[in-house]
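In case you want the letters, here they are:
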Amino acid sequence: MPINLNNSNVATRENRIGSITGYVGTLKDLATQSECGTLKGCSRCFSQSSTCLSGCALNQLSGIRDVAIIHHGPAGCSVAASSAYYMSKVMSKKRGVTSDTVYVGTDMNENDTIFGSTESLRQVILEVYKRYHPKAIFVSSSCATGIIGEDIDSIVDEVKPEIDVPIVAVHCEGFKSRIWATGFDISDHAVLQSIVQPPREGVKTNKINFKNFFESARPEIIEIFKRFDLDPVFLYCNSTVEELSHLSESIATTCICGTLGNYLGNALEEKYGVPYVRSINQCGIAGFEAWLREIGKVTGRSEKIEEYIAEQRAIYIPQIEEVKKELKGLTAVLGMGPGYTFEVSRVLDELGIKVVWALAWHYDKKYENGDVPPSMKYLLDNDIDFEASVADQQNYEVMNILHKYKPDMYLSRHPGSTVWAIKNGTPAIYVADEYMIFGYKHTLEFAKTIVDAIKNRSFEENLAKRSKLPYTDWWYQQDVDKFLEEVK
Amino acid sequence: MQTVQAIDRALPILHSGPGCAQKLSENTGSSGYFSPNIFPCTSINEKDVVFGGVKKLDSTIENALKVIDADLYIVLTGCIPEIVGDDSGEVVSRYEDAEKPVIYAPTAGFKGNNFKGHEQVVDAIVEQYLKKSDKKTPGLVNIWADVPYQDLFWLGNIRELEKLVAELGLIPNTIFGYKRGIENINKIPEAQFNLLVSPWVGLGNMKKMERKLGIPYLHYPTLPIGATETSKFLRAVGEFAGVDSEKVEAVIKEHEDYYYYLIGRYADLFLENRVINKQFTVVADAQYSLGITKFLVNDLGLVPAKQFVVDDTPKNYRDKISEEFKKLNFGIEAEVSFETDGYKIHEEIKNHDYHGYPLVLGGYYEKEVTESLKGNFLNVSWPVQDKVVLDDFYVGYTGGIRLIEDIYTVAVQRFN
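Which chain is which? The protein sequence lines are A and B, in order. If you count the first sequence from 1, position 263 lands on 263 in the numbering used here, and the numbers rise without skipping. If you count the second sequence from 1, position 125 lands on 125 in the numbering used here, and the numbers rise without skipping.
No wet-lab data here; the hints were simulated from the structure. Fair warning: there could be bad hints in the mix.
[As the list claims (entries may be wrong)] In silico SDA-like cross-links for lysine to any residue, where the CA-CA straight-line distance does not exceed 20 Å:
| id | chain 1 | residue 1 | chain 2 | residue 2 |
| --- | --- | --- | --- | --- |
| 1 | B | Lys-116 | A | Asn-111 |
| 2 | A | Lys-465 | B | Tyr-178 |
| 3 | A | Lys-89 | B | Leu-373 |
| 4 | B | Lys-367 | A | Asp-100 |
| 5 | A | Lys-324 | A | Ala-286 |
| 6 | A | Lys-93 | B | Glu-368 |
| 7 | A | Lys-93 | B | Lys-374 |
| 8 | B | Lys-344 | A | Ser-120 |
| 9 | A | Lys-89 | B | Val-384 |
| 10 | B | Lys-315 | A | Asp-473 |
| 11 | B | Lys-55 | A | Glu-485 |
| 12 | B | Lys-350 | B | Phe-377 |
| 13 | B | Lys-344 | A | Ser-82 |
| 14 | B | Lys-374 | A | Val-90 |
| 15 | A | Lys-94 | A | Phe-213 |
| 16 | B | Lys-100 | A | Asp-473 |
| 17 | B | Lys-111 | A | Glu-461 |
| 18 | A | Lys-468 | B | Lys-66 |
Assemble the whole structure, with the sequences as input and the hints as a guide.
Right, here's the structure in full:
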């Protein structure tokens, strides 16, 4: 689907790439139906709270150094300011740089919902510019401003002549999409629209754009990439506006999570011809190697990469094989975003752990270029199948499955999810850091972490013994798809 | 939402966008019997905005009653349904005869901040659930304080207030935290009086209960921290409840003796360190701004620079609260500013002459500016990133000691 940078609105994942949030069945069925185009997601007549796309979008943008986020909405929407402030301080400190990014709210009140508040928004934008001298300004809408029809695009256009840094409207109405990952696309869209410039003439570079979350493996990846004469530019945490303006000059774009990087990668390819590295992700052995080889292919560095693979295999594969002995035959249920569920499933299979059920919070039938996500294709090509559902972070569905299957472990990636498995007596592994299973080294560490988690279940047992779960017996007797309804 | 979460086995049902609960929840202390990802939510989408979301609200309530085991279900509405005009109250009224109580509080974000939302939840319980009681239990006191979760120390504070009131021979009744819940809510109408310990949050609730349930109230505007204020507090409560003053004085003496035993042993630390200066600033909600100011002036002999109240206190309460800041020992008066603009607060802190290192107690936002002035910073109010609190507290005699421990834990990390 072509990416339109002239409009500040991004189509939702549902509309753009047919993403769904409700499905129960098997992996093969899910994939077959997506390939032949018959897959239709279900909705729910009972649901639990999940995540807001504006959080995803604005957290990404507030990771950029020295910018301003202006959240036009009631005070509650801009509560994210406190975590954005904290993150920008601690993340920049870790990197040894500073960030004066600010996140302000317009504190919309009841009168504003009736009479509108575009004038006060204008004042806030100009005041923020005057006070903080940010390097770029992102002006975001909210549910309330979206519904009453505040025209933030016009306001941004009006103030542009008075502001000599990039400024752009970011459309973040929370009701617009069930899929919070749409927020990632929204942040990419804003960066592409306002900051990224066409490549400067004659500039030659060995930079590779690396879209990730919190760059914990940055030093290590810089070292690895030096061997290939590649210089990774990590996005957006600790990025500078200057760096972002030159993304179009890089020789390729890669990412740690397809859900996160898909929009930016495809847009840079479509608009500026920067190749987007399409492969399964870097989790596990097969993933790491496939990814490195694809980078080799795209950037013409295959020889050096094969050398590296051979050298590292010799170090790590025997160690991983050794730990695998302790993992053989264990069972797992996992619940993550689709950018990880089908990648981590592959790693568990590599380690000899049987996946009995995989929950993806949403599912992208196809990526921007029209292909089925590579992680899914890999599982199918390798004849790996298991029961699967698309569960929109619905805790009651997770608990129903854990209760029925009683796996040896539950793996999840989202805050507030592991505790419920533990209360059920199931050891939980929190795969929060996006580099937790990165490459040979972290795959080995991951395998060892699982061994430790399974070995000492004291905490789980102590808590489970004393916890009453919040669900009724009635619910545990129901099928997990009880509340799913066909979309009309 | 956090107020509901603080009531044992009470469940918020959200009629809102999918992410409001996650955004508005604290990450710490939130994985108890219910957590935000357990809360049912209508997760309003584009279609509901156009066609209304009452049908989804109905099926969400209906199924919440089947799936989740709670004692009290409280429907909270977000911005969207209130703008598009969903009649949520009507939907909730269909559940009047449900096995468990279902009530409703309109809590759209544009109507006010969470301090107001807290009052709306308590109001909803009073209006829609409680009935006037002829039976009164002598000595039973409902205690109300500031907003759970928003106040880092809410759980410890309310437990300590209970303990102090119980020492006067009264029977405390509170609805927040461990094993309080619906049974204690049911006891509210039988109380002899309501005790509100807060500068302004909850005052509307007290008036409502006085009207509807015939319960008189004592409004004690200062969170009592340390000996001076806690002793005053006990005398005020004792007098209002008709407790024998000898008994009150005996309780006070015992506490003060131990308090000053501790203070005496550490007085040299307070007097002879090189970094805690006389001048201080508190940047917090009205509760901590006032409570800590009184404590530092009246107990520790510090001198107030300008104080800031950042909870968007309604205008009609501000004069009274400002007056409280003037009731300090030796005729000292603290200047206070009601300000929600952090930039202006930081500018004032930078421009004030603390004649030495500033001591700033505030939210995490004040950390960087204090450090830039080589000052001492303690994170006491929202947002909190520097501290993990399970059931610690700052209220009462013991609470004052805890606050001193925290301040001097910061101080001893440097020499000068």
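Pair hint outcome, Lys-468 of chain A versus Lys-66 of chain B [Cα-Cα no greater than 20 Å]
holds (17 Å)
Taken at face value, is the distance from the CA of Asp-473 of chain A to the CA of Lys-100 of chain B at most 20 Å?
holds (17 Å)
Given pair status - Ala-286 of chain A, Lys-324 of chain A, alpha carbons within 20 Å
holds (15 Å)
Check whether the Cα positions of Lys-315 of chain B and Asp-473 of chain A lie no farther apart than 20 Å.
violated (50 Å)
Are Lys-93 of chain A and Lys-374 of chain B close enough, with their CA atoms no more than 20 Å apart?
holds (18 Å)
Pairwise hint evaluation, Ser-120 of chain A against Lys-344 of chain B, where the allowed Cα distance is 20 Å at most
Between Lys-344 of chain B and Ser-120 of chain A the Cα gap is close to 18 Å, so the pair holds against 20 Å.
Between the alpha carbons of Lys-111 of chain B and Glu-461 of chain A, is the straight-line distance 20 Å or under?
Between Lys-111 of chain B and Glu-461 of chain A the Cα gap is close to 44 Å, so the pair fails against 20 Å, i.e. violated.
Need the status of pair Lys-350 of chain B, Phe-377 of chain B: alpha-carbon distance at most 20 Å?
Measuring from Cα to Cα gives roughly 14 Å; hence the hint holds.
Hey, Lys-465 of chain A versus Tyr-178 of chain B, does the alpha-carbon distance stay inside 20 Å?
holds (18 Å)
Regarding the pair Lys-367 of chain B and Asp-100 of chain A, is the alpha-carbon distance no greater than 20 Å?
holds (14 Å)
Is Lys-55 of chain B within 20 Å of Glu-485 of chain A, Cα to Cα?
holds (14 Å)
Is it true that the CA of Lys-93 of chain A sits at most 20 Å from the CA of Glu-368 of chain B?
Answer holds: Lys-93 of chain A to Glu-368 of chain B is near 12 Å, not above 20 Å.
Comparing the model with each earlier hint shows violations of hints 10, 17; every other hint is respected.
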